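*Asks:* All chains should be built: construct the whole structure from the sequences, respecting the hints.
Listed below, chain by chain, are the residues.
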Amino acid sequence: MNLQIITDSLALGSVYALLALSFNLIYKTTRILHISHGAVYVASAYIFYVCKILLSLPFVISLVISLSVSLLLGIAYEVFLYYPLYRKKASLLLSFISSLGMYLFVINLVALIFGNEVIIIQKDPDTNYVIFDIILTKMQTIEILSFICIFPIFYFFLRTTNLGKSINALSNNPELAVVLGMNIRRIRVLVFSIGSILTAVSGILVSLDIGTDPNMGFSAVFIAIVAVVISGTDVIEGAILGAFLLAFIQNFTSWSLSARWQEAITFGILILFLLLRPQGLLSQKKRVEEVL
Amino acid sequence: MNYLLHILIMVNIYLILAYSLNLLVGYTGLLSIAQAAFYGIGAYIATFFVMNFGVNFFLAVLVSIVITMLLSLFVSVPSVRLKGDYFILASMGFQALIYGVLYNWVSITRGPYGISGIPRPEIAGFKFDTIPAYFTLTAVIAILIFLIFRRLVLSPFGRTLKAIREDEIAALGLGKNTAKFKILSFTFSSGIAAVAGCLYAGYMTYIDPTSFTIYESIFILSMILIGGTGNLRGPLVGVIFAIVFPEVLRFIGIPDTIAPNVRQMIYGLTLAVLMYFRPQGIAGEYKM
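Note that the protein sequences, when read in sequence, are chains A and B. If you count the first sequence from 1, you need to add 1 to reach the numbering used here. If you count the second sequence from 1, you need to add 4 to reach the numbering used here.
A couple of the hints might just be wrong.
[What the hints assert, rightly or not] DSSO-like, lysine-lysine: derived pairs with alpha carbons at most 30 angstroms apart:
hint	chain 1	residue 1	chain 2	residue 2
1	A	K90	B	K166
2	B	K166	B	K291
3	B	K87	B	K184
4	B	K291	B	K184
5	B	K87	B	K166
6	A	K166	A	K90
7	B	K87	A	K89
8	A	K166	A	K89
9	B	K184	B	K166
10	B	K180	B	K291
11	B	K87	B	K291
12	B	K180	B	K166
13	A	K90	B	K87
14	B	K291	A	K90
15	B	K166	A	K89
16	B	K87	B	K180
17	A	K166	B	K87
18	A	K139	A	K124
19	A	K89	B	K291
[To be verified] From chain B, some residues computed to sit far from chain A (all C-beta separations above 12 angstroms):
hint	residue
20	F52
21	G58
22	V67
23	I135
24	I145
Simulated from the structure, these hints should not be mistaken for laboratory data. Remember, predicted model here, so these are calculated numbers, not experimental data. Heads up, the beta-carbon is just placed ideally off N, CA and C, and yes, glycines get one too.
*Replies:* Here it is, written out as structure tokens:
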């Protein structure tokens, strides 16, 4: 039974990890609380649904279309919403509020077109694999595999390539990055592109697994936020620690208590961390002047 | 006529909510997404006392204010020390937590079924069970709260809050206990929100957790951000925009099935555009 919980947590954690990685990448680099990340997540799932079910295109083509549209949506957020505010040197609160506003806009547009009901892409029951008493569905295997494929690429991109290093530079010290003449605009667009593609992958995975509805965007972005708060923002790829931890706690809650309390427990953890260790597990405590 | 009064009752209730959040967002500079949680706590506590112990509505309101204020300390005392984004996140977390409790604690709140048959308020033999009577009640309370609020923000207390909003470290340097002022502001704000909750419960005679979700919090927040914060007229403009404007939408013939979505889209777009061109809102003073 305990091994089963761990396996389920690995699968759920893989999806959460993609969300948290992408959210932290954007948050750490631009310092924007990008609530609209949830909008990209929902949009990707719905575009995939339109291509795969309504237009009955092949899987790969639907995937490519959905990822590209999410990419464009993410870039549009940066180009039309955040960058103008950044250039005005407006406070980050304004970016957050605008993000919230545009989240409402996109989500309700989706709800207007497709309705508020849950949309299910895969109608057949999932194939199960049984390994040593552990039941693993096909979707769970795909979730774990996608994480295993994506994470190393992400890690090596961020740590070894020049572009990845410039993202790190911008997120560690924005002023210095400007002084050194780095192309801030290009790096920001890059960050939003990578972030949006990663969140789209998790959006599509979840919609294939349990279906999707417009309100899922909020829970997705919340999960990313909680995972990031647990692990701290200092190390971008550290967010996966929080994601897997959160997945385990959620699975453990539904196994030992009830699935209904999952959300309340998640936010209890968020509040506990904010109060007791606001810098997260992996970050160092900062002086007041540095935080502001 | 009753239709018009119904809208005005909603305007009154939301005015109370808007002013309560204005104290927090516009004067103290704390962006809170938990106002619907206090609104809900207020409604549920008053309902609990009215339904289970047959307490008079007005007494229940007082009890509800006190308990909500005490509960708010659990959030405000630890979280006022959090900076910027983290305060927003803590308030969001609290909002979701309260919704979870209201939804799942079935033995007290009846969970998703909600509580129905809440009696209309009654005082000295007079029952506020017609719409005009209830409108008078909400109007009197809203005006009362407006006057209290006005007194509060024009006092030295209000000026200190503004100082904290503009530059917390400077206020600290001038010897103000900023944490204490923030906590006080949070407590007042949640107490006022509880009044709105009680009035809502008494008017609808039915409450369920879906009226107190995070979307409601965002709605209240966007209302005052659109209208403007940090002064007395901003929230008024915001409430009129947010409550009266959708009714206009109904008259131009948008079907009821899509109206909520269209409304939300318009709020969202207005918020995003306004924050770029006019960060202080339509009639506000505080620029984020």
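*Asks:* Going through the earlier hints one by one, which of them does the structure break, listed in rising order?
*Replies:* none
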